[in-house]
Amino acid sequence: MKNTLRQVFHSSKFVVGFVIFVAILVTMFVYPLINPGNPLEMIGVGTFARPGTYVSLYDATKTPTETFRLADADDKRLASQLSAEDRVAMVEWFTAAGIDVEGLDISDTDALLDMWRANYDASVKPKGMTNAKRNYYKRLNSAIEQVSAADTLIITDKDAETGELVEQGRVTKTDYVNVGQVTNVKTLPLGTDNFGRDVLKELVSAAGTSIVIGLLAGLVATLIGLTLGLLSGYVGGFVDDIIVFITNLFTVIPGFVLLILISYSIGQEQRGAAVVALVIGLTSWTWTCRSVRSQVISLRNRDHVNLSKLSGHSLVRIILTDILPYIASYVVMAFILQVSSGILAEAQLSLLGLGPKTTEVPTLGLMMNWAMLYSAHTNGSWWAYFPVILTITLISFSLNLMNTGLDQVFNPTLRD
Amino acid sequence: MKGYRKYFGKKIVWFLITLVVAVILNFILPRLMPADPVSAITGKMAQGMTDASAVQEIYKRYEEEFGTNKPLIEQFLIFVKNLFRGDLGTSFSQYPRKVSNIISSAIGWTVALQLPAIIVGWLIGNLLGALAAYIRKGFDKVLLPISLFLSNVPAFGMAVVLLVLFAVNWKIAPISGGYAFDMIPNFSWRFIQSVISHYQLPFWSIVLVSIGGQAVGMRSMSIYELNADYVKYARFLGVKDRKIVGYVFRNAMLPQVTGLAMSIGTMIGGALVAEIIFSYPGLGSTMYSAVTAADYPLISATTLIITFMVLVVSFLLDIIYGFIDPRVKAAQFDS
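Residue numbers (the numbering used here), protein chains in the order written: chain C, 182 to 597; chain F, 1483 to 1817.
Hints are not guaranteed to be accurate.
No more than 20 Å apart at the CA atoms, straight line, and that leaves these computed lysine to any residue pairs for SDA-like [said to hold, decoys possible]:
1) F:Lys1623 / C:Asn560
2) F:Lys1493 / C:Leu430
3) F:Lys1493 / C:Asn592
4) F:Lys1653 / C:Thr559
5) F:Lys1492 / C:Ile427
6) C:Lys314 / C:Phe275
7) F:Lys1653 / C:Asn560
8) F:Lys1492 / C:Gln589
9) C:Lys319 / C:Lys243
10) C:Lys354 / C:Arg258
11) F:Lys1492 / C:Ile424
12) C:Lys183 / C:Leu505
13) C:Lys367 / C:Lys354
14) C:Lys319 / C:Gly279
15) F:Lys1493 / C:Ile427
16) C:Lys367 / C:Asn219
17) F:Lys1493 / C:Leu206
18) F:Lys1492 / C:Asp421
19) F:Lys1580 / F:Asn1564
20) F:Lys1542 / F:Pro1553
21) F:Lys1623 / C:Gly350
22) F:Lys1493 / F:Tyr1706
23) C:Lys314 / C:Thr333
24) C:Lys339 / C:Gly350
25) F:Lys1714 / C:Asn592
26) F:Lys1492 / C:Thr559
27) C:Lys314 / C:Val358
28) F:Lys1493 / C:Thr428
29) C:Lys243 / C:Asn365
Restraint-style ranges between C-beta atoms, simulated for each label pair [stated by the list, open to error]:
30) F:Tyr1486 / C:Val513: 18 to 26 Å
31) F:Ile1499 / C:Val513: 30 to 38 Å
32) F:Ile1510 / C:Ile423: 37 to 45 Å
33) C:Asn560 / F:Ile1801: 46 to 54 Å
34) C:Ala455 / F:Ile1510: 18 to 26 Å
35) C:Leu491 / F:Pro1553: 50 to 58 Å
The set of hints was computed from the structure by calculation and includes no laboratory data.
Yeah, the Cβ is synthetic: ideal placement off N, Cα and C, and Gly gets one too.
All chains, full assembly: derive it from the sequences and hints.
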């Protein structure tokens, strides 16, 4: 046993897969400790808030300020306020006024503003420009100048009795607050989803549920497959015929279709995560049964098995001590594959709208389903779906890498 | 010819048996469930109704429509009789359209999308896998992790990524549908062009996903064969490398054909979900809209037709296998 483990951990593929999988598992357990709370809590009122750090504006105005005179602050402010149309309009003015705009990049705010300040003259009347358009440029010019002037925003409060506005504070352009000192700051590394939930928190919880669904489905499938495979291979005869017949049937009839039929028939109300896992397990045991059966058949007439039979050992004991240890590695590998395909099956079912019921737990498939329903993919909210796809891929990639590594250890002919 | 006849006869009998079982399962599974589909539908239809007798009336009408008030055996016979006539009932969500009509307009899209995609993915994957096994070294080191990673991207995930990159960001492919919204299917050049441009993303997302899995399988099969005794023996005899590779490739190919026959159900399942992402007008999207609208007859019909398609494809693969498997061929020469 110890030797086998050592051998397994010598396979680089297994180790890489194992490390990725363990890293995901550790995140699943550690992250809720750092960031506790209900993953389905809707913290945002709007949909799809961008990833980033959110600072409470209200608290920020009450935080002690520092004054910084930063040279590029005005230009940055201006750059963020100058819309693309304004920039195009500025270039239009230059051309209308006969100024050479060769080599001017409108996304370069500094150059554009320098040129504007150097050349703009409200009294110039370019040919063919309407009065309204000239007034527009005047407004644009004053807007640009205002940003550079020292403006102050006054924060007021409404007096409940008189209805008068009472000054509470002033904010100037050179006021800065330390983010660490603001009372309420929320970092959302992956933003929020369509319901206003913290995507990262939801994702961690969903990955956990999906892995549990995968494990449960894999366990059910492996147990059924193993039992039937052992019976079929070892007992043989009539039992074998029946089991082989059933196995062949369900290899050809797609499990996915059965899964849809059963899930739909169970109905939304009864469909918890555990039920979905069970149904997935019940429809995917055929692979395991087939491979176990063929392994057992090749073992059945080995000397040590015959010796056991002659010694009068019971069927259960022969299977447990003389057969199972020899096929254990195959069963483990089949189990790993079942887990990964179980996770995928849950995701596909959920995308069809047949996943676990939506009010209890998030799963990776449900998150994907929600993101698609609210067209996150077409409105640019990558954080709502891409991390989910990546997580599913990484989980099944790590499981398959482990499987390939094990395969190479136990099948020397496949070794590199 | 006797060997072939026996082989094919066996396969045909097997195909018929699975077909019958599939039909029975499709019929019986929803009826075995504790939840009564008819009452579920009635509940949906009678939402907000307070008159108990009106609700009862609705229930009775649906009972009549499905024939659930008759004994199970009789229901099954009616079901089979209707199947033979191509009658799959009436859709709820697209009433009064016939289910068979909806299915027949969707099935062409699915077959035209998935069959070429799976075949192309299978061919490219096998070629790359064999190359990786033969060349080894750098090619293999790079290709294997990429293939493994690709094969683990779910089909719908690949579909979303391609959609966002090519259709939303770079705008070089249409976002959804099987053809432009302002068109009616006809045989004009403009329509065909539109269909082709809408075809690209769903097609490549399925191909990319299936390449990975096939390449990994073919690589290990080929390595297994390259290490086999007959290859060593042939090398000792001084047989040319090229000829050996030919043998190895053929031997490694056989399990890949069986593998395709066995995994075709899973592949189609994944590809159907990918269709939903693109709102491609095939069976996957039909099934999705049927599920969301609780259109019971349509769901049951789509699952049946998908099962039928999978059965036919695996039957055809079995037949092809018979022609290329030397063991079946040998049985043919013996007799």
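Comparing the hints with the structure gives:
A distance of roughly 38 Å separates the Cα atoms of F:Lys1623 and C:Asn560; the hinted pair therefore is violated under the 20 Å criterion. For the proposed pair F:Lys1493 and C:Leu430, the alpha carbon gap of about 13 Å is at most 20 Å, so the pair holds. For the proposed pair F:Lys1493 and C:Asn592, the alpha carbon gap of about 32 Å is over 20 Å, so the pair is violated. Our distance criterion of 20 Å between C-alpha atoms is met by F:Lys1653 and C:Thr559, whose separation comes to about 11 Å.
As the CA atoms of F:Lys1492 and C:Ile427 are separated by approximately 16 Å, the hinted pair is consistent with the 20 Å bound. Taking the CA atoms of C:Lys314 and C:Phe275, the gap is near 13 Å; set against the 20 Å cutoff, the hint holds. For a cut-off of 20 Å, the pair hint linking F:Lys1653 to C:Asn560 stands: about 13 Å separates their Cα positions. Between F:Lys1492 and C:Gln589, the direct Cα distance comes to roughly 36 Å. Violation of the 20 Å bound is thereby established for this hinted pair.
Between C:Lys319 and C:Lys243 the alpha-carbon distance is near 36 Å, which puts this suggested pair outside the 20 Å criterion. At roughly 10 Å between alpha-carbon atoms, C:Lys354 and C:Arg258 fall within 20 Å of each other, so this suggested pair holds. Only pairs whose Cα atoms come within 20 Å are accepted, and F:Lys1492 paired with C:Ile424 is accepted, the gap being roughly 18 Å. For the hint pairing C:Lys183 with C:Leu505, the CA-to-CA distance comes to about 18 Å; that is within 20 Å, so the pair holds.
At most 20 Å may separate the alpha-carbon atoms for a hinted pair to count; C:Lys367 and C:Lys354 exceed this at roughly 24 Å. Proximity of C:Lys319 to C:Gly279 is assessed by CA-CA distance (about 18 Å); at most 20 Å being required, the pair is judged to hold. Proposed proximity of F:Lys1493 and C:Ile427 is supported: the alpha carbons are some 16 Å apart, at most 20 Å. Among the hinted pairs, C:Lys367 with C:Asn219 is consistent with the structure: their alpha-carbon atoms are about 16 Å apart, no more than 20 Å.
Distance hint between F:Lys1493 and C:Leu206 is unfulfilled; the C-alpha atoms sit about 46 Å from each other, more than 20 Å. As the CA atoms of F:Lys1492 and C:Asp421 are separated by approximately 19 Å, the hinted pair is consistent with the 20 Å bound. Between F:Lys1580 and F:Asn1564 the CA atoms are separated by roughly 13 Å; this keeps the pair inside 20 Å, and the hint holds. For the proposed pair F:Lys1542 and F:Pro1553, the alpha carbon gap of about 15 Å is at most 20 Å, so the pair holds.
At most 20 Å may separate the alpha-carbon atoms for a hinted pair to count; F:Lys1623 and C:Gly350 exceed this at roughly 65 Å. Between F:Lys1493 and F:Tyr1706, the direct Cα distance comes to roughly 29 Å. Violation of the 20 Å bound is thereby established for this hinted pair. Proximity of C:Lys314 to C:Thr333 is assessed by CA-CA distance (about 30 Å); at most 20 Å being required, the pair is judged violated. Proximity of C:Lys339 to C:Gly350 is assessed by CA-CA distance (about 13 Å); at most 20 Å being required, the pair is judged to hold.
At roughly 19 Å between alpha-carbon atoms, F:Lys1714 and C:Asn592 fall within 20 Å of each other, so this suggested pair holds. With a C-alpha separation of about 50 Å, the suggested pairing of F:Lys1492 with C:Thr559 is violated against the 20 Å cut-off. Restraint check: the Cα-Cα separation between C:Lys314 and C:Val358 comes to about 40 Å, which exceeds 20 Å; the hinted pair is violated. At roughly 16 Å between alpha-carbon atoms, F:Lys1493 and C:Thr428 fall within 20 Å of each other, so this suggested pair holds.
Between C:Lys243 and C:Asn365 the alpha-carbon distance is near 11 Å, which keeps this suggested pair within the 20 Å criterion. One distance hint, 18 to 26 Å for the beta-carbon pair F:Tyr1486 and C:Val513, is violated here, with the actual separation near 41 Å. The hinted window of 30 to 38 Å between F:Ile1499 and C:Val513 holds, with their beta carbons roughly 34 Å apart. The supplied range of 37 to 45 Å is broken by F:Ile1510 and C:Ile423, whose beta-carbon atoms lie about 19 Å from each other.
Roughly 48 Å separates the CB atoms of C:Asn560 and F:Ile1801, a value that falls within the hinted 46 to 54 Å. Between C:Ala455 and F:Ile1510 the beta carbon distance is about 24 Å. The supplied range of 18 to 26 Å therefore holds. Under the hint 50 to 58 Å, the C-beta atoms of C:Leu491 and F:Pro1553, about 55 Å apart, fit the expected range.
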